[in-house]
Amino acid sequence: MKRRGLLGWELSVIVLVFVALFGGALLSPDFLTASNLSFLTANFSEVALMSLTMTLIILVAEIDLSVASILGLCSAVLGALFAAGWPMPLAILAAFGVGGLAGLFNGLLVTRLGLPSLAVTIGTLALYRGLAYVVLGDKAIADFPAFYTNLGFGSIPGTQIPIPMALFAVLAVITAIVLHGTAFGRSLYAIGANEIAARFAGLQVTRVKLSLFVLSGLMSALAGTVYTFRFASARADNASGFELSVIAAVLLGGVSIFGGKGSVVGTVAAVFLIGIINGALTIVDVSNEILTIVTGLLLIFSVLLPNLLARVRSARERRARGRAVS
Amino acid sequence: MTGRAAPTLAPSQNWFARLLRVREVSLVALLLIVTLGTAAINPLFLSFGSLKDLFLNVAIIALVVVGETIILLMKHVDLSVSSVVGLSAFLSGSLFVAFPGLPLPLAFVFGLLLGAVLGSVNGLLVAYGKVPALVATLGTLYVFRGVTYAVVHGGQINASNLPPAFLGFATGSVLGIPNLVLLVLVVMLGFGIYLGNYRGGREYYALGSNAEAAVLAGINVKRRTMIGFALSGAIAGLAGVLYLARFGTVDATAGTGLELQVIAAAVVGGVSINGGVGTLFGAGVGALLLGVMGSALVTLRAPGFYQQAIQGALLLAAISFDMLASRSAARRAAKGRQS
Chain A
1 MKRRGLLGWE LSVIVLVFVA LFGGALLSPD FLTASNLSFL TANFSEVALM
51 SLTMTLIILV AEIDLSVASI LGLCSAVLGA LFAAGWPMPL AILAAFGVGG
101 LAGLFNGLLV TRLGLPSLAV TIGTLALYRG LAYVVLGDKA IADFPAFYTN
151 LGFGSIPGTQ IPIPMALFAV LAVITAIVLH GTAFGRSLYA IGANEIAARF
201 AGLQVTRVKL SLFVLSGLMS ALAGTVYTFR FASARADNAS GFELSVIAAV
251 LLGGVSIFGG KGSVVGTVAA VFLIGIINGA LTIVDVSNEI LTIVTGLLLI
301 FSVLLPNLLA RVRSARERRA RGRAVS
Chain B
327 MTGRAAPTLA PSQNWFARLL RVREVSLVAL LLIVTLGTAA INPLFLSFGS
377 LKDLFLNVAI IALVVVGETI ILLMKHVDLS VSSVVGLSAF LSGSLFVAFP
427 GLPLPLAFVF GLLLGAVLGS VNGLLVAYGK VPALVATLGT LYVFRGVTYA
477 VVHGGQINAS NLPPAFLGFA TGSVLGIPNL VLLVLVVMLG FGIYLGNYRG
527 GREYYALGSN AEAAVLAGIN VKRRTMIGFA LSGAIAGLAG VLYLARFGTV
577 DATAGTGLEL QVIAAAVVGG VSINGGVGTL FGAGVGALLL GVMGSALVTL
627 RAPGFYQQAI QGALLLAAIS FDMLASRSAA RRAAKGRQS
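Chains as they are written, first to last, in our numbering: chain A, 1 to 326; chain B, 327 to 665.
Don't read these hints as lab results, they were simulated from the structure. Misleading hints may appear alongside valid ones.
Unchecked claim - Quick list of the computed label-pair ranges, beta carbon to beta carbon:
1) Lys456/B x Ala197/A: 17 to 25 Å
2) Ser652/B x Ala140/A: 42 to 50 Å
3) Glu350/B x Ala166/A: 51 to 59 Å
4) Phe258/A x Ala643/B: 51 to 59 Å
5) Phe258/A x Ser654/B: 36 to 44 Å
6) Ile156/A x Ser652/B: 47 to 55 Å
Claimed, not checked - Part of the chain A face toward chain B, derived, beta carbon under 10 Å:
7) Gly23
8) Leu27
9) Pro116
10) Ala140
11) Ile141
12) Ile290
C-beta: ideal position from N, C-alpha, C; glycine also.
Make the full structure from the sequences, and use the hints.
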């Protein structure tokens, strides 16, 4: 029963994606062109990437609010090292190292000290963004080699698929396989559903959570690299506020904020839904403020609606049971 | 079981009370060290003008902290306060533009009411919609800010549009204490007494300590949650009007990011993110400490870029300290039970 309800939620998000596409096409004949769709999808590639690891973290009933700050920090480190004359591959590697360390620090505070991840990552949200400013100040580093910026906003040769999106597709498939097809992935559901039971069942809860925070840091580093090359600009304030879009996408995709429920399919569908709605509204010149309101409402209703449906269903069941008794 | 628990309750409670006292004492000590240390390097730090600036800067954050503390005590969180401050600041400014002769108290009433309505939206979502406060207020953070952008439409309120009496309220002072600071102190004192001594105030603590026990004790949890969020909204709405009075110029981004400073101040001040623990006095000192550190950095000519990082590090240190302290308290209590 519950399972069907969940699949139903994901299905309805997918249906909404097609409705949004159809609506966009009605609004403007240019909407469903390959070049517009390519531009539109490239536009949310960082949020898409980070939503994959955020799905895993929320599945184990934790949260990482610092992802966008790690993105900014990695972007700043990448830019500063490049400006200091480091070869680009080394600078990218260093950015990933910083991202991994940032995630490790979050994970250690959460798992070793037993602090709530919400509080920890509100703190590191400020800390990492602050460090990004310490690294780069209010400077912007540009003039990256064309080879790398092409990776950021180019498409796969012969197609209109943006390279970051291809990267996202590959990582989404890997995440889905790991989450739904391996013992590690299944253990995330067990931990999210009942952490104490999972511990008694012999799962390495601490180690699993720690590795998820490190993964989240690494993914933010990847998103930071993509962002830097896509805009050909490394700045300390890159992508500030993106954490909210990432969490909105994951929750809209049907992942429960209390952990234990959700799927990669739902998250991917929700990422596309938010991206397409934003794209459709942009093309008809609806201003940014409406987009902000729409994102906020989507976030609220993605949790409120299932709650209300569940209440209606249980009320109906209770009534049915009452009738059966009498 | 219960028979054995009863005698250990007294010493552990005693220890806890001592811990709380120590926490606030150590905060005040830290505050003094930072203040005197900075003053030793640059005596101008303690000049009247610079202190007045400091208190004015802290006042608005300290006011919003009052509402956030109530929410945190219930083991919820209100991220939308910054957007409420922004919307209230802009709309009350627009009100003055539309009705230049508006009596001042009406502007404050308007801010309070607007904030209460916005806060009630959060309350409805959390108490009746069963949406986790984090998600609900993250959503309304977006929505309220979006509404502000839509209303502002690229414009802004300038000090020249505002009645001189209103701006005069912000710059005025009684016995050298700025009006703004006085108002915030009165609100803090009032709510401090309410939270400490009145049934309604104690219910926030009960709810955050153990929600199930609170239900069994006959507390109307939904109603209490609703009132808490409405209060937090109303206080943020009032803070918006004060923001307008203090800065005069307000655009659509007013108050952005304030929510993190406010939560940081409360948590640094000893309000537990796990609910049920903390006082307004501590939260106020936390706000002051963050403010002093910020302006100490400016006085010591540290680049402004360090400020955010230090604020984050301080917040992490505060919650880590809390956790270690409560752990050693638990260990001591366990040892006491064994012997």
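Status of each hint after checking the structure:
no. : hint                            : result
1   : Lys456/B x Ala197/A: 17 to 25 Å : holds (23 Å)
2   : Ser652/B x Ala140/A: 42 to 50 Å : holds (44 Å)
3   : Glu350/B x Ala166/A: 51 to 59 Å : holds (56 Å)
4   : Phe258/A x Ala643/B: 51 to 59 Å : violated (29 Å)
5   : Phe258/A x Ser654/B: 36 to 44 Å : violated (30 Å)
6   : Ile156/A x Ser652/B: 47 to 55 Å : holds (54 Å)
7   : Gly23                           : violated (20 Å)
8   : Leu27                           : violated (20 Å)
9   : Pro116                          : holds (6 Å)
10  : Ala140                          : violated (14 Å)
11  : Ile141                          : violated (15 Å)
12  : Ile290                          : holds (7 Å)
The structure fails hints 4, 5, 7, 8, 10 and 11 (numbered hints given earlier, in ascending order).
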